[in-house]
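Could you put the whole structure together from the sequences, leaning on the hints where they help?
Residue strings, one per chain:
2 protein chains.
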Amino acid sequence: MLSEFNLIERYFTRAPKPAGPVALGVGDDCALLRPFPGMQLAISTDMLVEGRHFLPAADPYKLAHKCLAVNLSDLAAMGARPLAFTLAFALPAAEPTWLAAFSAGLFHLADQYGCELIGGDTTKGPLNICITVFGELPHAQALRRDAAQIGDDIWISGSLGDARLALAGYRDELKLTDAQFADAMVRMHTPTPRIKLGLALRDIAHAAIDISDGLAGDLGHILQRSGVGATLEIDSLPAGPVLATQSTTLQRNFTLTGGDDYELCFTAAPAQRAAVLVAGRLAATPVTRVGRIEADTGLRLIDAQGHPVSIALTSFDHFRTP
Amino acid sequence: MLSEFNLIERYFTRAPKPAGPVALGVGDDCALLRPFPGMQLAISTDMLVEGRHFLPAADPYKLAHKCLAVNLSDLAAMGARPLAFTLAFALPAAEPTWLAAFSAGLFHLADQYGCELIGGDTTKGPLNICITVFGELPHAQALRRDAAQIGDDIWISGSLGDARLALAGYRDELKLTDAQFADAMVRMHTPTPRIKLGLALRDIAHAAIDISDGLAGDLGHILQRSGVGATLEIDSLPAGPVLATQSTTLQRNFTLTGGDDYELCFTAAPAQRAAVLVAGRLAATPVTRVGRIEADTGLRLIDAQGHPVSIALTSFDHFRTP
Numbered sequence: 001m002l003s004e005f006n007l008i009e010r011y012f013t014r015a016p017k018p019a020g021p022v023a024l025g026v027g028d029d030c031a032l033l034r035p036f037p038g039m040q041l042a043i044s045t046d047m048l049v050e051g052r053h054f055l056p057a058a059d060p061y062k063l064a065h066k067c068l069a070v071n072l073s074d075l076a077a078m079g080a081r082p083l084a085f086t087l088a089f090a091l092p093a094a095e096p097t098w099l100a101a102f103s104a105g106l107f108h109l110a111d112q113y114g115c116e117l118i119g120g121d122t123t124k125g126p127l128n129i130c131i132t133v134f135g136e137l138p139h140a141q142a143l144r145r146d147a148a149q150i151g152d153d154i155w156i157s158g159s160l161g162d163a164r165l166a167l168a169g170y171r172d173e174l175k176l177t178d179a180q181f182a183d184a185m186v187r188m189h190t191p192t193p194r195i196k197l198g199l200a201l202r203d204i205a206h207a208a209i210d211i212s213d214g215l216a217g218d219l220g221h222i223l224q225r226s227g228v229g230a231t232l233e234i235d236s237l238p239a240g241p242v243l244a245t246q247s248t249t250l251q252r253n254f255t256l257t258g259g260d261d262y263e264l265c266f267t268a269a270p271a272q273r274a275a276v277l278v279a280g281r282l283a284a285t286p287v288t289r290v291g292r293i294e295a296d297t298g299l300r301l302i303d304a305q306g307h308p309v310s311i312a313l314t315s316f317d318h319f320r321t322p
Numbered sequence: 323m324l325s326e327f328n329l330i331e332r333y334f335t336r337a338p339k340p341a342g343p344v345a346l347g348v349g350d351d352c353a354l355l356r357p358f359p360g361m362q363l364a365i366s367t368d369m370l371v372e373g374r375h376f377l378p379a380a381d382p383y384k385l386a387h388k389c390l391a392v393n394l395s396d397l398a399a400m401g402a403r404p405l406a407f408t409l410a411f412a413l414p415a416a417e418p419t420w421l422a423a424f425s426a427g428l429f430h431l432a433d434q435y436g437c438e439l440i441g442g443d444t445t446k447g448p449l450n451i452c453i454t455v456f457g458e459l460p461h462a463q464a465l466r467r468d469a470a471q472i473g474d475d476i477w478i479s480g481s482l483g484d485a486r487l488a489l490a491g492y493r494d495e496l497k498l499t500d501a502q503f504a505d506a507m508v509r510m511h512t513p514t515p516r517i518k519l520g521l522a523l524r525d526i527a528h529a530a531i532d533i534s535d536g537l538a539g540d541l542g543h544i545l546q547r548s549g550v551g552a553t554l555e556i557d558s559l560p561a562g563p564v565l566a567t568q569s570t571t572l573q574r575n576f577t578l579t580g581g582d583d584y585e586l587c588f589t590a591a592p593a594q595r596a597a598v599l600v601a602g603r604l605a606a607t608p609v610t611r612v613g614r615i616e617a618d619t620g621l622r623l624i625d626a627q628g629h630p631v632s633i634a635l636t637s638f639d640h641f642r643t644p
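Residue numbers (the working numbering), protein chains in the order written: chain A, 1 to 322; chain B, 323 to 644.
Calculated from the structure, these hints are not laboratory results. No experiment lies behind these values; they were computed from the predicted model shown. Please note: incorrect hints may appear among the correct ones.
[Claimed, not checked] DSSO-like cross-link-like pairs, simulated, lysine-lysine; straight-line CA separation at most 27 Å:
(1) B:K518 to A:K124
(2) A:K124 to B:K446
(3) B:K446 to B:K518
(4) A:K196 to A:K62
(5) A:K62 to B:K446
Next comes the structure, spelled out in structure tokens:
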């Protein structure tokens, strides 16, 4: 039987890299980070609950990927470079095969971004995974939600809606081929945090947010915090490759309100259009211009001909009964 | 019905103090901290689960206190000054009375230590509270677990065992008067993080740990990490005022292995005895010398006459079946 201490030592303890920002890693009362002069520390925390964010039978390797990816995505949306993270989790039991796969998935993604696990907590309980992530960025360069300017273009990274399409597949809301379902599930279970794009946008973009609850709702946070409004051209929203094979109605709905894609929505002055495209190329991430920030508050939708489109807008709320 | 966003805004959002280390608080993808030149950041995370760490009917005001206190206690054990914390929690439902009491208890304790809530996450699920806390301390002044020196005195802050006594009361393991049970419950439900003592010990102590799982196990971490052993004089362990009215056997057991008191166990050179006592007075926290660090590994117990005492040593392990 694995004890709490063996569990941490066996699966989650590695020596920190000597030249990095981690002065003391896993194993003491606290971890110690050495901040770099002139840099700020960006901090975000996300909790994933079994039955809410993932299914009880979720593959532990992919689950670990997703738990860390959604946190890294918050760093990306600030333009921060990942440094380290803590992991607290409740587990029904300490199962070696589950833990080995979970820690492998966790470190595989962490190593892609040089992000060190520096501490955490484990306890017995219904499966619940809470990660807190730390990144750094130069003073006053953060891509904040309250920084959108009237006249800014609105951009989206990558594509939207395939994660929502996978959910529709799980729920039997529509018929997908096996290949379509498999492709959509990759987007749902192993999202790519847009770290490189966030870094490339530091000097270019004004406001940014990651799309976790659906574009309409998440862009709404930018609009509200910046005291502005927006018009989106709904048919220019980049649908994921699987969603692109579906009806226009479904494409409009799922690109606008489907969550879980973890793409970035950001705003930048029209003078920066070429720079945004270069940033996208440097980050190997497509970027698509989808609308404009305006003085009139609220969110308006138009089609490719400029005609108003009306869609019931809802954003995911964890406390709303489905 | 409260939405997730209203919930955060109504109960958990306050403006950060302008001159402090928080550059951006609750409400964006990340919070931003301004680290101070020459300082390190100490980080710790703890997760509390209903039915494991607290009862389903737990008073939300006290529950919030405890969740933050156990995290602050980790900062105390490093000698760090609290700066800020994040809160992620899963709630079965968004109940306004529960949330109001929880946030009041949280901010009451946070304000005592100037510790700002800078972000978090809320979701629906079995009640689970995960706090990550940030503190600062000068480079190379941390009270680390691996820093005990042969010949060091071993010290304990405050008193031990009353939280374990409250648990015994809940479990009907023994009879307590109503007044005794009430006093013991205060120790269990609203522990005092020894922040002031930790700060006062920075230049005085070598190693430190907070006692969450029981002295024997927690001191064991210091011994293992420092590559040393220790002898404890068991009858000098400071029993809590309620425990002090119980049998010697119970006092020995509960001071040595009872958890949840969140006192500090620390080591310091004998030349620092007067300085430790002054630090205790400055922090208004009693400190008691209870043993010595030795070259021989392992933990030995002696009574007041110096005779060996044998007690089955167990430490709390979340994955052990009770």
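Now for the hints, and whether the structure bears them out:
no. : hint             : result
1   : B:K518 to A:K124 : violated, 32 Å
2   : A:K124 to B:K446 : holds, 19 Å
3   : B:K446 to B:K518 : violated, 36 Å
4   : A:K196 to A:K62  : holds, 21 Å
5   : A:K62 to B:K446  : holds, 22 Å
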